[in-house]
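Protein chains: 2
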Amino acid sequence: MTDLQEKPLSSTPVYDGVLLKVRRDEVRLPDGGTSVREWIDHPGAAAVVPLFPDGTTLLVRQFRYPPRRTFLEVPAGKLDVAGEDPATVARRELEEETGYRAGRLTALGALYPCIGYSNEVIHFFLAEDLTAGERDLSDGEFLEPVPVLLAEAVAQARRGELHDMKTVAALLLAEAHLAGRASKP
Amino acid sequence: MTDLQEKPLSSTPVYDGVLLKVRRDEVRLPDGGTSVREWIDHPGAAAVVPLFPDGTTLLVRQFRYPPRRTFLEVPAGKLDVAGEDPATVARRELEEETGYRAGRLTALGALYPCIGYSNEVIHFFLAEDLTAGERDLSDGEFLEPVPVLLAEAVAQARRGELHDMKTVAALLLAEAHLAGRASKP
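Quick note, the sequences are listed as chains W and S, same order. Taking numbering that gives the first Met the number 0, the leading residue of the first sequence gets 0, the next gets one more, and so forth. Taking numbering that gives the first Met the number 0, the leading residue of the second sequence gets 0, the next gets one more, and so forth.
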């Protein structure tokens, strides 16, 4: 396997905002040349597929400012700091956004949504044994829970009817996990 | 359905880099309050699942600087300008990265990878009737084509063994499209 690595020569913070931290690095390329990489330094996130005994999941309808449209999404949120336990974040965001507490949480893997310009990684979980807790949205957060059968949400994802990539990935990872569980003797 | 929209009050470019354009907007929230949204203004991208008659696809192994790791990815690239035809970009990136020309391109849908802080949308395509063209990597681009059976790549995605989210989404959209095609009378 070829060595494809790029090595940092310098790293400069170029924007330090409320939400976004942007850095501009000079890097050494595999062929010895140099180039510039601009990237978002992100603490990571957790996303949850809640599952009720009757096969229903909960998505949340939310307006997202950057693309200026409303999405159906799995409940999700950022880690407060890099290194925070993603399972803790998954439980917190699920309860804050939907009002449900997860009795059982299963890790479904982790994916990078924007490898060209962000180090964000999203940790995915299946949440079961749900009990009613307390909904508590963050300041400036407006969203609407939408119950739907998981099988129907998966079909919508496969038909291209859902447009948030983490939601499509989450539903398909949950489906694969549940199929694996069902096929075990 | 509740009105969840946020309306722009002001928009300021805060970083205008080689790759990244970052803006900071003040917005009016649905409850009448105000908040700040920081976001990447991105032209969009296209990603391609190439498919040979024997069921093989081509992934590319590439080091990505922001997460500092190497990924197996579907061939993909940015639109040069917002509004460029995504199919044109898909054909160009496929040939540049793998050396193959697509005789037949099928749109598989579009997904937003980072709705919290970017307006990027990725357009997905299945590429068939492939013929040998000319590989031609951009400056500062280093990658290695990796042939793998599409069915095996899909299985890897479902097992959580691939870590680039657009690649997982692309493979699963391609699989769903091909399953739909196979089931047609």
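In short, the hints are calculated from the structure, not lab data. None of these values were measured; they are calculated from a predicted model. You may find that some hints are simply not true.
If chains are identical, the list can't say which one is meant, so a pair holds when it fits in one copy or spans any two.
[To be verified] Calculated cross-link-like contacts (lysine-lysine; reagent style DSBU-like; alpha-carbon spacing at most 35 Å):
1. Lys183 / Lys6
2. Lys77 / Lys183
3. Lys20 / Lys183
4. Lys20 / Lys77
5. Lys6 / Lys77
Results for each hint:
For the homomeric pair Lys183 and Lys6, neither the shortest alpha-carbon distance inside one copy (44 Å) nor that between copies (50 Å) is at most 35 Å. For a Cα distance limit of 35 Å, the shortest separation of Lys77 from Lys183 inside one copy, 34 Å, qualifies, whereas the shortest one across copies, 42 Å, does not. In this homomeric assembly, Lys20 and Lys183 never come within 35 Å of each other (Cα to Cα): the closest approach is 45 Å inside a single copy and 49 Å across copies. For the homomeric pair Lys20 and Lys77, the shortest alpha-carbon distances inside one copy (14 Å) and between copies (22 Å) are both at most 35 Å.
When the C-alpha separation of Lys6 and Lys77 is checked against a cutoff of 35 Å, the pair qualifies both within a copy, at 28 Å, and between copies, at 23 Å.
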